[in-house]
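Engineer: Single-letter residue listing:
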Amino acid sequence: MSQVKVQNLRKRFGALTAVDSISFTVRTGEVLGFLGPNGAGKSTTMKMITGFLAPSGGAIEVAGFDVGEQPVEARRTIGYLPEGAPLYPDMTPAGLLDFVAGCRGLGGAEREQRVRETAARVNLDSVMFQRIETLSKGYKRRVGMAQAILHDPAVLILDEPTDGLDPTQKIEMRRLIRNMSRDKVIILSTHILEEVQSVCTRAIIISDGKLVANDTPAGLEARSRLHNQVILRIRMDGAQAGEESAMAAALRALPGVGEVKSAAAGGEAEFCIGAKGSAGIMDDVARFAHGQSWPVMELSRRRGSLEEVFTALTRSGE
Amino acid sequence: MDAVRSIFKRELAGYFGTPIAYVFLVIFLLLSGIFTFYMGQFFERGQADLVSFFSFHPWLYLFLVPALSMRLWAEERRTGTVELLLTLPVAPWQAVLGKFLASWLFIAVALLLTTPLWITVNVLGDPDNGVIVAGYTGSLLMAGAYLSVGACVSALTRNQVIAFVLSMTLCFLLVLSGFPLVLDLFSAWAPGLLVDAVAALSFLTHFNAVTRGVIDLQDLVYFLSMIVFFLFVNTVLVDLKKSE
Chain A
1 MSQVKVQNLR
11 KRFGALTAVD
21 SISFTVRTGE
31 VLGFLGPNGA
41 GKSTTMKMIT
51 GFLAPSGGAI
61 EVAGFDVGEQ
71 PVEARRTIGY
81 LPEGAPLYPD
91 MTPAGLLDFV
101 AGCRGLGGAE
111 REQRVRETAA
121 RVNLDSVMFQ
131 RIETLSKGYK
141 RRVGMAQAIL
151 HDPAVLILDE
161 PTDGLDPTQK
171 IEMRRLIRNM
181 SRDKVIILST
191 HILEEVQSVC
201 TRAIIISDGK
211 LVANDTPAGL
221 EARSRLHNQV
231 ILRIRMDGAQ
241 AGEESAMAAA
251 LRALPGVGEV
261 KSAAAGGEAE
271 FCIGAKGSAG
281 IMDDVARFAH
291 GQSWPVMELS
301 RRRGSLEEVF
311 TALTRSGE
Chain B
319 MDAVRSIFKR
329 ELAGYFGTPI
339 AYVFLVIFLL
349 LSGIFTFYMG
359 QFFERGQADL
369 VSFFSFHPWL
379 YLFLVPALSM
389 RLWAEERRTG
399 TVELLLTLPV
409 APWQAVLGKF
419 LASWLFIAVA
429 LLLTTPLWIT
439 VNVLGDPDNG
449 VIVAGYTGSL
459 LMAGAYLSVG
469 ACVSALTRNQ
479 VIAFVLSMTL
489 CFLLVLSGFP
499 LVLDLFSAWA
509 PGLLVDAVAA
519 LSFLTHFNAV
529 TRGVIDLQDL
539 VYFLSMIVFF
549 LFVNTVLVDL
559 KKSE
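Sequences listed follow chains A and B, in order. Note that my numbering has the first sequence beginning at 1, numbered continuously upward. Note that my numbering has the second sequence beginning at 319, numbered continuously upward.
Mixed in with the good hints there might be a few duds.
As the list claims (entries may be wrong) - Straight-line Cα separation of at most 30 Å, DSBU-like style, residue types lysine-lysine; simulated pairs: (1) A:Lys261 / A:Lys5; (2) A:Lys170 / A:Lys137; (3) B:Lys559 / A:Lys210; (4) A:Lys261 / A:Lys276; (5) A:Lys276 / A:Lys5; (6) B:Lys327 / A:Lys210; (7) A:Lys210 / A:Lys170; (8) B:Lys327 / A:Lys137; (9) B:Lys559 / A:Lys5; (10) B:Lys559 / B:Lys327.
Stated by the list, open to error - Here are some, though not all, of the chain B residues that point toward chain A, as calculated from beta-carbon distances under 10 Å: (11) Glu401; (12) Leu406; (13) Asp557.
As the list claims (entries may be wrong) - Computed footprint of chain A on chain B; a stretch qualifies when at least three of its residues, placed anywhere within it, have a C-beta under 8 Å from a C-beta of chain A: (14) 331 to 338; (15) 385 to 399.
Because the hints were derived from the structure by calculation, they are not lab data. In this text the structure is predicted, and so the values were computed from the model without any measurement. Glycine is no exception: its CB is placed at the ideal position from the N, C-alpha and C atoms.
Using the sequences and the hints given, assemble the complete structure.
Structural biologist: So this is what it looks like as structure tokens:
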């Protein structure tokens, strides 16, 4: 079973510790997202996994190969899209893919077939014989992606694969990543949180070189202060007029309810009802509101916000 | 060997995919013509040999080879493609060797294009073709030595102009290391053995020995070991500096 194992990985640049004792494991079928502010150490970690950068300490194992001891064997199993997808500007996509295939030891008919299939897979056919420097950013990124997946690698490492793409291209790229995930280990970095929700099975948040969270996207959301919060909106006419603070107090008295915030505007009041534990309070709130005969306009449960968790986790280091 | 071959092919195609190849070839032929006929007085000497052609090669290479080698690594690092190249299953020495062989073959092509001159001497007179073959061999070996120095320096910087100027300077010192200009720097303080060692490093001394028509093992070993040494340093530098 091919996997990526990182143990106590460290990287120092002079006095700066860019990566500080990071450990994690990724298994086949998983799509791991690296999240973190710019300069948090995401790219540095990826460069060390691909063997481009030598770690200051710790161990990396890719598909059973120690990256420090058997760098070439390890790299054979890896497909890598570096940050910004650097490519030889004076080559054509056809020439570049042929070159990469050659370096990867693919020859003859197999090489041709691989190049053709990969080009079709990322929709490069129409620009195969144009110089790369004349291509749009979206096409350049696809060429970068094509060279990474050309040899059908067991481990795919993508540094900001959707950065700089337009919304349609982003969606296409995510679809491509999802489609490939079944038989691969995929590690990608991003600073777009919705991307984590749409493609990743697990996310790691890195801040100041340290791993601050390693969880599923849903698990991360659950860490949010806002998770399971119930929103209740009530029409404030007749009996209820001007009573919102009393109503808030009544809600607060319910079992399992924590903080309640109320706001009234335009004849309606909105209550944000926080839950004390992890148990849902939706049902209790609904029954209570019904029992009080409040004219309910909206009753909904909030999911945790990844943004909020991300901000809370990455700010703590400051 | 797949990797070396692929890198070699890519690099060679890179020369011909850009104007570099044509500019280089034209300038090389033009200058070697000028040197041979005007400065070397090819006709006036009245001798059926190519001495006036070969004797200018050390000076011609001094600025043409660094112009060829300056981009080898500096360009890769400036555009970031070094990350693409060295995360392929390619060992640094394979990349160094592939690039070197491509540029060396390119210079060999340039030399090959000067053969009309060889034909000319054969038409006009009766030259010692063995000496001429030795001259070509020596010239190609010397070009390889220049090239390995240039490739090595190119790995030091991401700026091609700096790479050019530095390799030209280093080559200049190596060309002249048998002459007072360089030796005086050492003779004042260094022991005689070191001065002799420096003097023995001169491109010019070894090249002149070869162009006289005697391909001495010593000169062959000299040029080949220069190439191997600088390519070795090149490999170390590439590995050290790649991610900076």
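Engineer: A separate judgement is required for each hint: does it hold in the structure or not?
Structural biologist: Structure-based check of each hint:
Note on lysine 261 (chain A) and lysine 5 (chain A): the hinted pairing is violated, with a Cα-Cα distance of about 45 Å set against a maximum of 30 Å. Of the pairs offered as hints, the one joining lysine 170 (chain A) and lysine 137 (chain A) holds, with about 12 Å between alpha carbons and a cut-off of 30 Å not exceeded. Simply put, lysine 559 (chain B) and lysine 210 (chain A) have alpha-carbon atoms about 26 Å apart, close enough for the 30 Å limit, and the pair holds. The hinted pair formed by lysine 261 (chain A) and lysine 276 (chain A) meets the criterion: a straight-line CA distance of about 14 Å does not exceed 30 Å.
Between lysine 276 (chain A) and lysine 5 (chain A), the direct Cα distance comes to roughly 37 Å. Violation of the 30 Å bound is thereby established for this hinted pair. Of the pairs offered as hints, the one joining lysine 327 (chain B) and lysine 210 (chain A) is violated, with about 43 Å between alpha carbons and a cut-off of 30 Å exceeded. Annotation: proposed proximity of lysine 210 (chain A) to lysine 170 (chain A) holds, straight-line Cα distance about 28 Å (limit 30 Å). A hinted pair counts as satisfied when its Cα atoms are at most 30 Å apart, and lysine 327 (chain B) with lysine 137 (chain A) qualifies at roughly 27 Å.
Using a Cα cut-off of 30 Å, the hinted pair lysine 559 (chain B) and lysine 5 (chain A) holds, with the two alpha carbons roughly 26 Å apart. Between lysine 559 (chain B) and lysine 327 (chain B) the alpha-carbon distance is near 24 Å, which keeps this suggested pair within the 30 Å criterion. Taking 10 Å as the C-beta cut-off, the interface hint given for glutamate 401 (chain B) holds, the closest approach to chain A being about 4 Å. Among the interface hints, the one on leucine 406 (chain B) holds; its C-beta lies about 4 Å from the nearest C-beta in chain A, closer than the 10 Å criterion.
Interface hint at aspartate 557 (chain B): satisfied, since its Cβ lies 9 Å from the closest Cβ of chain A, which is below the 10 Å cut-off. Judged by the Cβ-Cβ criterion of 8 Å, the segment 331 to 338 of chain B is covered by chain A as claimed, because 4 of its residues qualify and three suffice. Interface restraint, the segment 385 to 399 of chain B with chain A: holds (3 residues with C-beta to C-beta distance below 8 Å; minimum three).
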